[in-house]
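**Q** Here's the letter readout for the chains.
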Amino acid sequence: MINKDVASISDAVADIFDGATVMIGGFGEAGSPVELIHALIDQGAKNLTVVNNNTGSGEVGLAALIKAGRVAKMICSYPRSMNSTVFPELYKSGRIELELVPQGTLAERIRAGGAGIPGFYTATSVGTPLEEGKERKTFGGRDYVLELGLTADFALIKAHRADTHGNLIYNKTARNFAPAMATAAKVTIVQTRELVAPGGIDPEVVITPGLFVNRVVTVANPAHESALVAAGVSYP
Amino acid sequence: MINKDVASISDAVADIFDGATVMIGGFGEAGSPVELIHALIDQGAKNLTVVNNNTGSGEVGLAALIKAGRVAKMICSYPRSMNSTVFPELYKSGRIELELVPQGTLAERIRAGGAGIPGFYTATSVGTPLEEGKERKTFGGRDYVLELGLTADFALIKAHRADTHGNLIYNKTARNFAPAMATAAKVTIVQTRELVAPGGIDPEVVITPGLFVNRVVTVANPAHESALVAAGVSYP
Amino acid sequence: MASRVAQDIPDGSYVNLGIGIPELIAKFVPEGREFIYHTENGLLGMGPSPEPGEGEPELINAGKRQVTAIPGASYFHHPDSFVMIRGGHIDLCVLGALQVAQNGDLANWSTGGPDAIPAVGGAMDLVAGVKSIFVVTQHCTKKGAPKLVEACTFPLTGPAVVDRIYTDLAVIDVTPAGFQLVEISPGVTFDYVQERTGAPLLPIASPTA
Amino acid sequence: MASRVAQDIPDGSYVNLGIGIPELIAKFVPEGREFIYHTENGLLGMGPSPEPGEGEPELINAGKRQVTAIPGASYFHHPDSFVMIRGGHIDLCVLGALQVAQNGDLANWSTGGPDAIPAVGGAMDLVAGVKSIFVVTQHCTKKGAPKLVEACTFPLTGPAVVDRIYTDLAVIDVTPAGFQLVEISPGVTFDYVQERTGAPLLPIASPTA
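Protein sequence lines correspond, in order, to chains A, B, C and D.
Letter 87 of the first sequence, counting from 1, is numbered 87 in this note's numbering, and no numbers are missing.
Letter 91 of the second sequence, counting from 1, is numbered 91 in this note's numbering, and no numbers are missing.
Letter 16 of the third sequence, counting from 1, is numbered 16 in this note's numbering, and no numbers are missing.
Letter 107 of the fourth sequence, counting from 1, is numbered 107 in this note's numbering, and no numbers are missing.
The shape of chain A in the complex, shown without the other chains (with noise of 0.2 Å):
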């Protein structure tokens, strides 16, 4: 029978491989799944390549995995932020490597990645140096380069509300990436702050379906990173 849920946060993150891809749902704090984040630095597992479309904050949730040196390559759009001079610091060492994508690129080629679409066409990024080494093709007398679609091994998200079949609801601006990294990962892992039954979410309103999701555990009280860094905090 089904249910999804996984009763803690380490078993759901325990077979996360060393050199595996990990899509990380948020944009900024928003959405971020800090406490399986925590969880893969106290797993241990190593050389990952990680899709956000941010590098995190201080140093807690991504900056923290990043800072661990977990990470060996990070595909985003935007590896600045305010508060954090992890990234920058291995960056400039040349002991990360970056995959700089356009967001919007970035959140079609994840889709693209779940839904079979193995390479798709945009205008976005003709001309400048990010289209460095891609295919270009005219339609309709306009220049497009093609991109590829984007897959992973695990998706780390959070969800709002969740129910024991995978189905997921959202908070707010918390949306982002995560609808598409859930289709894009052979295994989506959701920490969701409540779970309720089949039937507890009106079907008409679901937006991640549950076929998209293989594993949730709940934290009913996720941290806020903006909290976390204000409180100081440096991960583990």
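Treat the hints as calculated values from the structure; they're not laboratory data.
Watch out, some of these pointers could steer you wrong.
Mimicking DSS-like on lysine-lysine, the simulated pairs with C-alpha atoms at most 30 Å apart in a straight line are [stated by the list, open to error]:
hint	chain 1	residue 1	chain 2	residue 2
1	A	46	D	64
2	C	27	B	92
3	C	142	B	46
4	A	92	A	134
5	A	137	D	131
6	A	46	A	92
7	A	137	A	92
8	A	134	B	137
Start from chain A and add chains B, C and D according to the hints.
**A** For chains B, C and D alone, kept in the frame of chain A given last:
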């Protein structure tokens, strides 16, 4: 100030021109904007290219539009139904053109059209007669075909509730093609059971954000095709 | 056939059922298992037909018949529905067939006749994207011609896509070596099935071989 | 500058505001007009900053500042947000600039320096997809170098994308003939602006010409 409410259904479709491409929502009868289609029949535009998954049933709605000789070309995935001979008769006598597109490719082509994606690759139709004339490309050892984004001059869709900004929600499986079509048409025209003020739809559950919608007309008790067919109605 | 197929579906599977005999499978869920049914027109968690008079014209399946939704269901639009199909997120699809070739080629959408109205629906998407493709079909056509053949003569739905075939006579796997007999219906012999099959059948290996 | 830009935005426009000076435009909606603000992290109908202490960490804008949502707002995920941007559904985007060339080339994401951490965010998507691109910028850099130039020396955000430029000195259109002066700030002369501009300026046509 923003108010997309249109008083009469004839006003809503008044500017649909001869030769226009018109996307019409619905899968079978679910989501078919019957009253908008009938208004289009009354309006008289001809030589239309119509995009819909099917070709209608009986002699009402889309089937009536086709029967009236207004449709020069259908772009669809399944132009057969158990209770309509309108399309087959015109097709066999060479009086209507058909572009047959696999259902998922049709959906994705419409989404691509709305997303500014001129082309994408899919495995669907590779090695079949529907691959003819399409470019093939190999990704990761598997063959894919290039499919093109699809746009339209107008979209006619049916919502369950709308607000005056054009935000929409749908009813059950009547959602189908409508959200994508709303993004892919220059002018999106909506018939809704209910029209509310902004704030009357929870921002978390909006399916079609207002910026994709141009006109909303209230049809409080829309007809269902199956009921019209059972009653022997032939429009007009 | 429908109940036989249901026996082979693992617990927790996400399943898309084609129109016709495949639709019947939903009635035969084995004890202790739970399947979630997807219908490509925008519903995951499709339930049984509604009681007479309780159906809704806006809650239908891909065959355009009225259905219901189970607790835990979700509605979505067409592009998202085909993300599920084409992105490899549906475990199993059960389809009907006009012909299946020994290499797994499937023809099930058109006889290619000059008078036929071509209509493909979601079949090409399903065979290209779903992880496992089962076919349920009568072993022969109404005129007695084999539907399991060396090479399809009808236009393909997809090349080398079928994994397993359930007929009124047998259960047959498509393998790199060709049609592999897996199970034979009660009272039917190997020769009887082979005579009605348009390509060589590999016999069931004896358990001690 | 921000209030000047707001004067040029038509009633009913869907607008995306870049980080920095462009954000200020939201405070200057002219009487009788209504604009709907889009923020690419997933909100259409962005409202003003929350009252102190009433913000939410999960309701932020693209600059990662806390915001509010107006009645009629909607939330959506990133792919859908960029359908709006890249599909040409946003009427206007107002961005900052490092350099704008006379053909409309925009550079606003990187100085290309060897020590710079490259960070592009949604800028390349916005300039490629939004119908009109306005730039708001100081006319010169802090060191006095022109930001309006013959050709950009910094890496491009997009080629030939800028429609209009608002600076502390002037309002300038990008036309096929080059930079066309539209309006000049009070107390500033044509020569003063031209001296601080790295490419020829076409003077404002006299109304009777």
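**Q** Now look at each hint and say whether the structure bears it out.
**A** Now for the hints, and whether the structure bears them out:
Straight-line distance between C-alpha atoms of residue 46 of chain A and residue 64 of chain D comes to about 29 Å, which keeps the hinted pair within the 30 Å bound. Our distance criterion of 30 Å between C-alpha atoms is broken by residue 27 of chain C and residue 92 of chain B, whose separation comes to about 39 Å. Proposed proximity of residue 142 of chain C and residue 46 of chain B is contradicted: the alpha carbons are some 44 Å apart, above 30 Å. Proximity of residue 92 of chain A to residue 134 of chain A is assessed by CA-CA distance (about 25 Å); at most 30 Å being required, the pair is judged to hold.
Our distance criterion of 30 Å between C-alpha atoms is met by residue 137 of chain A and residue 131 of chain D, whose separation comes to about 22 Å. Between residue 46 of chain A and residue 92 of chain A the alpha-carbon distance is near 20 Å, which keeps this suggested pair within the 30 Å criterion. With a C-alpha separation of about 35 Å, the suggested pairing of residue 137 of chain A with residue 92 of chain A is violated against the 30 Å cut-off. As the CA atoms of residue 134 of chain A and residue 137 of chain B are separated by approximately 15 Å, the hinted pair is consistent with the 30 Å bound.
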